[in-house]
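Asks: Residue-level listing of the chains:
4 protein chains.
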Amino acid sequence: MSGIKVVTIGGGSSYTPELVEGFIKRYEELPISELWLVDIPQGKEKLEIVGNLAKRMVQKASVPMEIHLTLDRKEALSGADFVTTQLRVGLLDARAKDERIPLKYGVIGQETNGPGGLFKGLRTIPVILDICKDIEELCPDAWLINFSNPAGMVTEAVLRYSNIKKTIGLCNVPVGMRMGVAEMLDVAPERVHIDFAGLNHMVYGLNVYLDGKLVTDQVLDILSSGASMTMKNIVDLGWEPDFIKALRVLPCPYHRYYYQTGKMLAQQAEELNEKGTRAEVVQGLEAELFELYKDPTLDIKPPQLEQRGGAYYSDAACNLINSIYNDKNDIQPVNTRNNGAIASIPHDSAVEVNCVITREGPKPIAVGDLPVAVRGLVQQIKSFERVAAEAAVTGDYHKALLAMTINPLVPSDTVAKEMLDEMLEAHKEYLPLFFHEERV
Amino acid sequence: MSGIKVVTIGGGSSYTPELVEGFIKRYEELPISELWLVDIPQGKEKLEIVGNLAKRMVQKASVPMEIHLTLDRKEALSGADFVTTQLRVGLLDARAKDERIPLKYGVIGQETNGPGGLFKGLRTIPVILDICKDIEELCPDAWLINFSNPAGMVTEAVLRYSNIKKTIGLCNVPVGMRMGVAEMLDVAPERVHIDFAGLNHMVYGLNVYLDGKLVTDQVLDILSSGASMTMKNIVDLGWEPDFIKALRVLPCPYHRYYYQTGKMLAQQAEELNEKGTRAEVVQGLEAELFELYKDPTLDIKPPQLEQRGGAYYSDAACNLINSIYNDKNDIQPVNTRNNGAIASIPHDSAVEVNCVITREGPKPIAVGDLPVAVRGLVQQIKSFERVAAEAAVTGDYHKALLAMTINPLVPSDTVAKEMLDEMLEAHKEYLPLFFHEERV
Amino acid sequence: MSGIKVVTIGGGSSYTPELVEGFIKRYEELPISELWLVDIPQGKEKLEIVGNLAKRMVQKASVPMEIHLTLDRKEALSGADFVTTQLRVGLLDARAKDERIPLKYGVIGQETNGPGGLFKGLRTIPVILDICKDIEELCPDAWLINFSNPAGMVTEAVLRYSNIKKTIGLCNVPVGMRMGVAEMLDVAPERVHIDFAGLNHMVYGLNVYLDGKLVTDQVLDILSSGASMTMKNIVDLGWEPDFIKALRVLPCPYHRYYYQTGKMLAQQAEELNEKGTRAEVVQGLEAELFELYKDPTLDIKPPQLEQRGGAYYSDAACNLINSIYNDKNDIQPVNTRNNGAIASIPHDSAVEVNCVITREGPKPIAVGDLPVAVRGLVQQIKSFERVAAEAAVTGDYHKALLAMTINPLVPSDTVAKEMLDEMLEAHKEYLPLFFHEERV
Amino acid sequence: MSGIKVVTIGGGSSYTPELVEGFIKRYEELPISELWLVDIPQGKEKLEIVGNLAKRMVQKASVPMEIHLTLDRKEALSGADFVTTQLRVGLLDARAKDERIPLKYGVIGQETNGPGGLFKGLRTIPVILDICKDIEELCPDAWLINFSNPAGMVTEAVLRYSNIKKTIGLCNVPVGMRMGVAEMLDVAPERVHIDFAGLNHMVYGLNVYLDGKLVTDQVLDILSSGASMTMKNIVDLGWEPDFIKALRVLPCPYHRYYYQTGKMLAQQAEELNEKGTRAEVVQGLEAELFELYKDPTLDIKPPQLEQRGGAYYSDAACNLINSIYNDKNDIQPVNTRNNGAIASIPHDSAVEVNCVITREGPKPIAVGDLPVAVRGLVQQIKSFERVAAEAAVTGDYHKALLAMTINPLVPSDTVAKEMLDEMLEAHKEYLPLFFHEERV
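Protein chains in written order, with the working numbering: chain U, 1 to 440; chain W, 441 to 880; chain E, 881 to 1320; chain D, 1321 to 1760.
It is worth saying that the hints were derived from the structure and are not from the lab. It is possible that some hints are incorrect.
In silico EDC-like pairs for lysine to aspartate or glutamate, Cα to Cα no more than 20 Å straight-line [said to hold, decoys possible]: (1) 495/W with 512/W; (2) 1533/D with 327/U; (3) 1045/E with 488/W; (4) 328/U with 1647/D; (5) 1143/E with 1738/D; (6) 1208/E with 488/W; (7) 768/W with 1070/E; (8) 905/E with 1186/E; (9) 213/U with 1611/D; (10) 1485/D with 1738/D; (11) 1208/E with 512/W; (12) 328/U with 1650/D; (13) 1046/E with 651/W; (14) 1093/E with 512/W; (15) 653/W with 1122/E; (16) 60/U with 34/U; (17) 734/W with 488/W.
Small disclaimer: the values here were computed from a predicted structure and weren't measured.
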C-alpha cells in the first residue's frame, strides 16, 4: 500500500472536518493520497460545503492529499484501501422519530440499544450490506470501518450476512471513558489503560491501570464518591455510590439506560418538553456548524465542532487506520468477531473488546468469563442485537417484534407491538424490506 | 433400601396432606415405612393438626406407614433416605412484606425471581445450608429434594456452597404447563411431552409433542389465538398473539413478569387495593384449610386443598422420589447441575431441564444452545440467582444491592437501594448474617 | 405411520437374516409391511439367496411382511419410513487390502479408526451421500440408520455434508460391552446399565450400574483381575491390571488398538502368517453361510450366523427402529449430533453417547467433561474423523495424507505417504474423486 | 519498583552467563540492583564458578548490579521482584536415565512431553511448589518465571496446585522458530511475526507474517521444499513435503517426535550407540564450559556457550522481565493461564500462546479454535500434562502409570508399566512422594 485511498461514505457529515484534520496530522506516517467523500443526492449540498472546507484544510496544511467529492459510490470505491461509513439513513429527522415515538409510550428511545436503535438498525443494515457487495466487487482487500450506529448491531450483521471479513466497528465511548478516568485521576490520558470488554454501548472497564498498575478500586471509589464520567449526549444522573462499589467494574455512560432506567426516562421526558429530542437539538447544532463551514476563509476545523457529542470519533478512526496501515500492534477497543475472547458469547458474534491492531486486522485479547453480575445484561443485549440484525436483513415483522419485546427498556409485548407498528409506519420509506408492495 | 424413611422439613405446611396422599397411592411400589414431619417451635400447632390428619389418612388407607411428628430435626434426619424441604422462613407474614414493600416503589415483588424472591432467598438459603450440614452428618446418602422457593436460587446455593451432591430442586410449573397444553389440545396429559429448558420459573417449552410428534407450532397458534395457560397464583393477562408467534417457544406463566412487566405491575397494584397481597389471600385460605384439617372425622385430603396454588407439587415430588427409588429412567423436568446440558450456562450452575431420573439421580438431556431470543433473559436471571446466592451465604450488603439492581424488574440503582434498605430492616430477625451485631 | 416401509441398502449381506428375524420377533409392536432389500448388480446373486431365505422365514412365521428384492435403489426408497445401510464398497476384497497393506509397513490396518478405516471411509462416504440425496428427494421424512463402518466417520459426514438431519449411526460395541459386564457379574444383561460416551469404536463406559446402583469400581476390579470382555473379531490380549485401575472407566475392546498398539500389531502380523487377514477369514465364513442360506428347507436364521463378529447388530437396529416408531423414550447408545452432550467436542460433530430415543429421534444425555485422561485420545480420533470425512467428500490428496499422518496408529509422515499412495492405487476403482481423469 | 531484585534458583547453571549478559545489556531500562544466584549444596562449586564469572562480567560492564551467591533460598527470596527457576533435580545424570531407560524399551525418552518428561516433571514439580510456598511467604508480589522443563507441565502444576498467580513459563522454541523463518526468508528476525498457539513443545505457528503481511503459504512452501528449521538439540530429519502442505500451519521442532516417531526413534537409538544420550553429550559440553568459566581473566559470556541447545532462552527471559517491568504491551509467546484464548482447552489450564506483556502480566490473545487437524494432538498432550502434574503432587502410582500409558510415544500399557517401574526405582531418591517409607 503506498498512496493510500480512503473512501468516506456519508462524507457530507458535519464530523468530516475532524477526520480530515486527523489525516492531515498523521500524514507523515499515514500518507493518504486520495480521500473520497461520498454522499447521496439529498446530501449533495452538505457534501459540497464540507468538501470545500476539507479542500481548504488540506491546502492550508500543504499535504498532497486529493479530496474527491462524488455521489457515485461505485466510482469512489474502486481500488479503495479503507472505506469508512458514517451513515444516517433518513437523517436526523428519522432519529427524532426514533426518540419521540417511544417516549409517547413511556419508553426511552435510545438510538443504539433501545427501540430507536432497533429502527436505526433496520434502516442502516441493508444499506451497509449493499456497500459490502460493492466492496466485494470493487475493492475486495479494503478494510470497512463503520462508525454508524448502532455499531454493534451493524458489525454483527456484516459478520453474519455479508462476505466481508475485513470489517471493524468503531465507537468513541471507550476513548471517552479513558479520558474521563484520566480527568478523575488528574493525569495525562496516555498513562491510563483500561481492559474494555462487552458490546457496543454496553462495554465495561474490567480493570483500570495507571502506568500499568491496577487502580480499579481507587477509580471506583472516586466514581462512587460522585465524580462524573459522562458524554456530552447523555445526561449525567450520577451513580448510586453503593451500586458502583458493588459492581466492581467501570460501567460506560450508556449503562445508565439499563441501571437507571426510571431516572433516565423521567429526565428524557422533561427534556423533550423543554428542548425537544436530542435529534432536534443536534439539528440546531448542525445548522450552525454548516453555517461556519460555508465561510470561505475557514481553513481549519472550527473549535465549535468539539462540543458536538461525537468527540474522539475521528481520532479513534485515524488511530485505527494508522495502526492497521503501519502494523502497529498497539491496543485499541473495537467491535470485531469475538473468536472466543469473551466466554459464553458465540465465536462468530461481534463484541467490543481490546484488540491488538495489526496490518491483518484486530486480534482480540482473551477476557475469559465476564464477572457474573454483568454477564446477564451483556447477553440480553447480544440477543437483542442478533434478533434485530436478522429482522433487518429479512424484513420479518415477527423478528422485529421479538427484538423490540426482548429489549430491556421495553415494558411489555403489547407496548412493543404498538410502538413497532407506529415506528414501522413512520419510517416506511426507509424500510423497503418490510413493505414488499413498495418494492414492485 | 427397604422400608424407606422420608423426612419432610416444614412438615406443618398445609400442603402436607397432598404429599401423604401421594405416598399412600404409591405405597405398593414405594414402600415408605416412616414419614417424619419436622417443624420449628412456632409451627408446633400446625404440625400437630396436619400430622394428626396424616395419621388418620394412613390408618384409613391401611398402609403400614408410621407418621412421626417432631421439632427435633436431627433426630428425624438420622438415617433418612429422602429429605424434602418446604420451608417458609418468616411464614406468610414475611412473604406479605416481600410483595408489599416493592409495590410501594412501583416494583413487582415476585416471590421467586424478583425483589421478593431475593429476600426469600436471603432468608431461606442459610437455613437450607444448615440442613445440608445435618444431612452430611446424619444421613449422607439421602436425597435432598427441595420445594422451597426460590427453588432455582436454593439449588444453585446447595450446589455451590454445601457438600451435598444429591440434591434436586422441584417445581410444579412444568407439570402445570403440560396440563395446560393437554387442555388446549383436549387430550390426556400423558400424551403430551414438552422439552423443558431454562431456569426455575424461567423455563421454556422448546418443543411440544403429542404422542411423540411435534406439535409446537399448533400449540403456539392456539396460545396466540387466546387460549390461556396459567397457574392459580398468577393472573392471566393474555399474551400478545404476534409476540407468541415471534417467540416460537412456549413461555411459562412466570415469563409474564418479564415480557409484560408494565401490565403485571398495574394488575398487582390494583389487586393490592382490592384484596391485599397474594400472601394475605393465601393466609386466609390457609386458615380455612387448617380449620378443616382439625376435624377429627376427616381422614382424606380435603378437595379444597386443590384450589391452592401449589397444585401438582406433591405429585411431582412423589413421582420424583418413586423414580429414584425404582430407577425408572423416565423423564422429568427438575432443577439440577447443568453439566453442559444448556450451552453458555456454567456446568456447575443449576438449571431446570428435562432429566432421565435414575437411582443415582437426574441426568440432564442435552439441549445445546437456547434459541437466540431467550438466551439473554435466561442469562440475566442466572446472573441474578448467582449474585443473590452469594449474598445469602456471605451476608454482604453490596452483593445484595448488586443482585437487586441487576434484577430485570427493578428500574434503577437508587430504587434498588431504597427497597433493599427497607426490606433488610423489615426482615431483620431472619437475616442474622446481615446484622452481625445481632449475632454476638 | 402404519404399515411401515423399511429399505435395507446392502440387503445381500450375510447379516440380513438376523435383521429379518429381529423384525419378525417384534412384528406385534413394529408392524413392518414392506421390507425392501437393495443391492448392486455385483451383489445380485447373494441378494437372491438371502432374499429367498428371508421370504421363507417370513412365511414360516406367518407375518404379513412383504419382502422385495431389487437393484433399483430409487424404486425402493420411494416413500420409505426407515432406510438402513450396511455397505461394503469393494466388498471383503477391499477390506483385505485395508488390512494387508498397512501391515507391510508395520502398521495395524484397523477397519474403522486406523488407516484401513480411512480408506473404508473414502470409499463409503460418497456412496452414502448419494443415498442421502435420494432420500431427500424420495422419502424426506425417513430415518437413515447406518451400520456401515466407519460408522462415526460416516455419521460425521452425513451431518456435515448432506441435508439429511434424521440420521443415526449404529454400532454393536456398546451392546457387547453390556453383555460382557453382565457375564462378569453373572447377572442378566437387563440389570446392567452403562453410561456410554465417546466416539464410535472409541467409546468408554463412564459408569456401570447394576439395578441402578453404581458398580463401576467392582467391575473394573474384576476386569483388572483378568476377566475378559472382548468381541469375536478382536483378539483378547488382556489389560494391564494396574492400567485399568488407573483409568477408572471401562474401555471398549477397540481401545486395545491405542493402549496396546505394540502388542496388537505383533498379534496381527502373526495371524496374517497363519490365517491371512481378518477379511480373508470372514470371506471363508461368509462362503459357508451362503451355502447354508441356499438350502431351500432352511426357514429360520441359522445358528452359525451368531458366530460371526457382528453379533447384536441387528438386535440393536431393531430396538432402535422400534423405539423411534413407538416413541419409547428408552435409553440407547447411538452415534448422533453431539449438541453439547460431551464438552469440548463441537455441537455439530458426531459422538457415540447414551440417548433417549423418541419418535423425533435421539436426544443425547449430557455427559459434561470426559475424564481428563481419556479426553485427549477422543479428541485425536475426532480430528482424524473430521479430516478424513473432508478428504472423502473433496477427493483432496493432502487432506487424505493429513488424516493418515495424524492417525495415532501411524508412526510417521513418511510411512503415511507411502501407505497412502499404495492404498490409493489399490482402491483406485472405488475412489473416483481422487482420480479425476477417470471421471471424464 | 526501583532497584529491582532478581533471584535465580539454579543459579549455578552453565546458562547463567547469558542471563547476566542480558541484564547488563538492558540495564538502562531494566535497572536490576541485586541478582541473587541460589543453588543447592551439591551445586556449590558450580555456583561459585559461575557466580564469580558473573561478578567479573558486571564489573567489566560497570553496571551497579550486586551479585549475591547463596545456598539459602529463603534469604534470597525475601523481597524479590522476579524469581527465575532453572532447575535440574538430579542433574544431568537423571536426564541421562530419562533418555536411556525408555530406549531400552524401544521408546523415545524425550525430556519434556515423553516418558522422560514425565519423570522430569515428577522430580521437578514438588520442588517448584515448595518454592511457591516460599514466594507466598517472602515475596508475594514477585513474578515467578520458570524455564525448567517440562515448562508446560510445571506451569499447569503451579496454576492448579499453588497459590501463586503471578507465574509464567518460558521456552526458547518460539524464538527459535522465528529465527528459523527469518533465515528461510533471508530477512531480519524483527520483521517476522508468528501467531503462536498450543502447548509447550507442542506449539504451532498458525500464521506467519513478514512486515505484518501474511506469508504463511510462502513459508510452508519453502519448508516443504526442504529448508530446515530446527534446534541444536533435535536432529533434523526433514519433513515430508506433502505433509507440510497438508498441515497448513508451521510445526515446531518437537512435533517431529509425534509426526515422525518411527524415524526419530531409529535416529536416537543410533546416536545412543555412537555418542551416548543427549544428556551425556551435554555433560561433556558443560564440563568444557565450566573449565572456561574458571578462567579468572574471562569477563564476558564466552562465545562457546551459544552452541549449547538453549540459545535465546536468556534473551527471552530478559525481554519478558523487561516488558513486565516497563509495561511494554508488546507481544511474546509464553506459557500462561489459557483464559479462553484457545477454545476447548479449560480456562484454567496452561497454554503456550502469544500474549500482550504488561506490568500486571501476560494477557493471551484469543486464537479461537485450533485447526481441526492439530486439535487432537494438542488435547492429548494436555491430558498427559494434567495427569502427570496430578501424579507429581500426589505421588500416586496409578496416576503416574496413566500418564505414561496415554503418552503418544508409549506403545502399550505393559511397556508403560515396565518403564514406569524401572524409572521409579532409578529416580527413587528424587521422588519422596512415591516412596513414603523414605519420608519418615
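Asks: Next step is simple, just say for each hint if it's right about the structure.
Replies: Each hint tested on the structure:
no.: 1; hint: 495/W with 512/W; result: holds (19 Å)
no.: 2; hint: 1533/D with 327/U; result: holds (9 Å)
no.: 3; hint: 1045/E with 488/W; result: violated (59 Å)
no.: 4; hint: 328/U with 1647/D; result: holds (16 Å)
no.: 5; hint: 1143/E with 1738/D; result: holds (14 Å)
no.: 6; hint: 1208/E with 488/W; result: violated (45 Å)
no.: 7; hint: 768/W with 1070/E; result: holds (13 Å)
no.: 8; hint: 905/E with 1186/E; result: holds (17 Å)
no.: 9; hint: 213/U with 1611/D; result: violated (45 Å)
no.: 10; hint: 1485/D with 1738/D; result: violated (37 Å)
no.: 11; hint: 1208/E with 512/W; result: violated (45 Å)
no.: 12; hint: 328/U with 1650/D; result: holds (10 Å)
no.: 13; hint: 1046/E with 651/W; result: holds (18 Å)
no.: 14; hint: 1093/E with 512/W; result: violated (31 Å)
no.: 15; hint: 653/W with 1122/E; result: violated (49 Å)
no.: 16; hint: 60/U with 34/U; result: holds (17 Å)
no.: 17; hint: 734/W with 488/W; result: holds (9 Å)
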